[in-house]
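Protein chains in written order, with our numbering: chain A, 1 to 335; chain B, 1001 to 1386.
None of these hints come from the bench; they were simulated from the model.
Keep in mind that this is a model prediction, so the values were computed, not measured.
Mixed in with the good hints there might be a few duds.
What the hints assert, rightly or not - Cβ-to-Cβ under 8 Å is the rule here; a few derived chain A residues that face chain B:
(1) 5
(2) 8
(3) 9
(4) 56
(5) 60
(6) 82
(7) 107
(8) 128
(9) 129
(10) 163
(11) 164
(12) 165
Unchecked claim - Simulated coverage check for chain B against chain A, where a stretch passes if three residues somewhere in it have a Cβ under 8 Å from a Cβ of chain A:
(13) 1059-1071
(14) 1100-1107
(15) 1285-1294
(16) 1347-1357
What the hints assert, rightly or not - Sample of chain A residues lacking proximity to chain B, with all beta carbon distances greater than 10 Å (derived):
(17) 4
(18) 12
(19) 23
(20) 52
(21) 53
(22) 67
(23) 68
(24) 194
Every residue gets a Cβ at the ideal spot worked out from N, C-alpha and C, and that includes glycine.
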Amino acid sequence: MILHPGVLALLGGSAAALALLVAACVVGLQVLRRWDFSSSSATQLALERRTFLVSSLATVALAIEIASSLLFLYTVDDLHRLFVGAMCATGSLNANPVGWWVLPVKVLILLAAPLWIALNGLDVRAGDFPVIRAKYGALLVLAPLVAADLVLQARYFLGLDPAVITSCCGSLFSAAGSGVSSELAGLPVFPTMTAFYACAAAFMAAMAACRLRPAAVARIATAALALTFLAVTLASMVSFLSLYIYELPTHHCPFDVLQLQYRAIGYPLYASLFAAVVFGLLPALSLVFRGRPSFAAAADRAERHWLEAGLAATIVFVGLASVPVVFGSFTMRGY
Amino acid sequence: MRRHLKILEFALSALWRRRFKNLAIVVVYGFTIAVLASILLMTDAMRGEAEQILIGAPDLVVQRVAAGRHDLIPVDYAEEIRGLPGVGEVSPRYWGYYFDAFTESNFTFVGIDDGPPYELELLEGRLPSAPSECAVGEGVARARSTGVGHELTLISHDGLGVIFDVVGEFQASSSILTNDLVVFRNADLVELFGIPEGRAVDLSVEVFNDGEVSTVAAKVKRIFPDTRPITRSEILRTYDAVFSWRSGMLLTVFAAALAAFCILAWDKATGISAEERREIGVLKALGWSTRDVLELKFWEGAAISLTSFLLGLIAALVHIFLLGASLLAPVIQGWSVLFPEFRFTPSITVYQLFVLGFLTVVPYVASTVAPSWKAAVTDPEEVMRG
């Protein structure tokens, strides 16, 4: 176990988030059991008041989880100094491979948490709680995810041993190795670059189309493109974006971008990427519940803002990622 | 947007109306933050100092180990190590600790041949260049009431008094390094400590390529199995681990204080006064929804957290960087008698703020969610009827 302040903050924060979320689930289940919106009994009034408690508990818990994803990235990056052979987060994660499992769980939470918060906002604004069952059901899925996050983080941090000699990004993300990371690093630069820009353009076009002429097809297309954009961008990060940021033709690490020597550009990059994807997914999510008129009215008002914010986040991401590609002195033309 | 700002304005005026109750929370909250921030800032500052100091340390130090203990190393080893590819200068080092019976304190003695061992700045005078000369740190000069132009009497290994002329005194700015330091010429130190001929305390090895340090260390270990090569990066890593551990340890100890603070916050938030209940009742009767009151409570919490966070942080900055960590230093500074005065280079990072926020604001917010809701669902009719 490494008693690092960041580790304590992460474990404490995740434990607090889980406690709040479990409380939200318990109260939520109590509410659902006797929920009858058409009734005007004192019990129903009390239950309606309790929905505010569930919303507050869950929103605070999920906000803590979103912030903890950033803290996790920085802490893992900071811990590399304690391990022989580690130079960034990759080395720290290799020091105890359980750490790699935390990443997909964090990514899932990072996508699901804002979706739940947005859905909850619409539900409250609609006035008659049209999607209360769906959102409390979602909490029952989110709580195990947050629990998994806490357990995996605890297992990762407790299992770290500074005496372990670890290997870093140079060996993991190299085109010569084997495994997914090496496959990504070995992707040809120019075809990947074309795919990245094409995907970004298609995603932005879909959002613009959805903003101007909202329709079910446009909403579904936007969500599909959002997920494709996420996958293509993560592959591009390893394949070519990292090369331009580091100005090295062999350095494919997606974590070194978080370090100060690269102006910590990774934080705005990843934050804008996830924001863009979440805003892209929201219209499709709202589509599921549009059968309820009160919800559809609330969703219509919010959707415009989501799509505008999604477009802005995508432009910020593509802009930030393209600066070293377009204006940097490094070029991959010879490869 | 305007609605949110109006609620914020109302929240601030509500806080001001109950300023004494809120002041109590801010004081305790701020104090908790100040303690945790002091720990974080100080350990990070010490880590920074250690890194700065170790920039001048040799790439590789070779010690001899006998019976599991550090032993004097034969100077002949240097020749063979120098022959390894990639190795530059290999020089024997003479240094040690000296218990001074007059002042009941420990001094650190270092021998030099030409330049100072690190980038040390002399306050006045020069470094020793002739036999029986020495330069002393500020703490030694003060403890022994000596200085440039005066003498320093020490007891040699065979119990005889030896007099040295003090020709230099180190600057206070380097006191973390030089406070208990006395610098001699190598020959004087060998004589004072009675180090046998052909032996040194350890060997400092220069390696031209940083990437080869561990290979050279492995080779040295193979040629001389009785040695222990220590690389600079190992020392840096150890310092990192030690300071992270100390910081984490202290934070864990203060977790109890944090828990106590959360209980206080919960208690204060739960026990809302009759006046406050009436106020919420009136607001709801005037058309405020539960959501609005929850937002009001959120803004109140945010204002209290931000105020306490800034006050606590400023207190910690003053404590660590202006007052030299006077309250925490005794806990972490170790066993020496001649303590240096801590003068850390002020520095603060976004990460420290983020960790601090997670350690303090998150528990506060988590423990006030339920009480805020309880206040927000106050029934206006019930309250107005009294």
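Comparing the hints with the structure gives:
Satisfaction of the interface hint for residue 5 of chain A is found here, the shortest Cβ-Cβ separation to chain B being roughly 5 Å, below the 8 Å cut-off. The beta carbon of residue 8 of chain A is positioned within 8 Å of a beta carbon in chain B (closest approach about 6 Å), and the interface hint is therefore held. With 8 Å as the threshold, the beta carbon of residue 9 of chain A comes within range of chain B, its nearest partner Cβ sitting at about 4 Å, so the hint holds. Checking residue 56 of chain A against chain B: minimum C-beta separation of about 5 Å stays under 8 Å; hint holds.
Checking residue 60 of chain A against chain B by beta carbon gives a least distance of about 5 Å; that is within 8 Å, so the hint holds. Nearest Cβ of chain B to the Cβ of residue 82 of chain A: about 5 Å, under the 8 Å cut. The hint holds. With a least beta-carbon distance of about 20 Å to chain B, the hint placing residue 107 of chain A at the interface is violated under the 8 Å criterion. Because the smallest distance between the Cβ of residue 128 of chain A and any Cβ of chain B comes to about 14 Å, over 8 Å, the interface hint for this residue is violated.
With a least beta-carbon distance of about 13 Å to chain B, the hint placing residue 129 of chain A at the interface is violated under the 8 Å criterion. For residue 163 of chain A, the suggested interface contact is broken, since its CB lies about 10 Å from the closest CB of chain B, more than 8 Å. Violation of the interface hint for residue 164 of chain A is found here, the shortest Cβ-Cβ separation to chain B being roughly 12 Å, above the 8 Å cut-off. The interface hint given for residue 165 of chain A is broken, as the beta carbon of that residue sits about 10 Å from the closest beta carbon of chain B, more than 8 Å.
Only when three residues or more bring their CB closer than 8 Å to a CB of chain A does the claim for the region 1059-1071 of chain B stand; here the count is 0, and the claim is violated. Under a criterion of three residues with beta carbons nearer than 8 Å to beta carbons of chain A, the stated coverage of the region 1100-1107 of chain B fails, only 0 such residues being counted. For the region 1285-1294 of chain B, the stated coverage by chain A is satisfied: 3 residues place a CB nearer than 8 Å to a CB of that chain, which reaches the threshold of 3. Here the region 1347-1357 of chain B counts 3 residues with a CB under 8 Å from a CB of chain A, which clears the bar of 3, and the coverage holds.
For residue 4 of chain A, the shortest C-beta to C-beta distance to chain B comes to about 5 Å, within the 10 Å cut-off, and the non-interface label is violated. Not every C-beta of chain B lies more than 10 Å from that of residue 12 of chain A, the closest at about 7 Å, which undercuts listing it as non-interface. For residue 23 of chain A, the non-interface assignment is contradicted: its Cβ lies about 8 Å from the closest Cβ of chain B, within the 10 Å cut-off. Look at residue 52 of chain A: its CB is around 5 Å from the nearest CB on chain B, not clear of 10 Å, so calling it non-interface is violated.
With a least beta-carbon separation of about 4 Å from chain B, residue 53 of chain A fails to lie farther than 10 Å from that chain, contradicting its non-interface assignment. Once the 10 Å rule is applied to beta carbons, residue 67 of chain A is inconsistent with being away from chain B; the minimum gap is 7 Å. The non-interface label for residue 68 of chain A is inconsistent with chain B: the shortest C-beta to C-beta separation is roughly 7 Å, within 10 Å. With a minimum CB-CB distance of about 36 Å to chain B, residue 194 of chain A clears the 10 Å threshold, and the non-interface call stands.
Figure legend: structure checked against the earlier numbered hints; hints not met, in rising order: 7, 8, 9, 10, 11, 12, 13, 14, 17, 18, 19, 20, 21, 22, 23.
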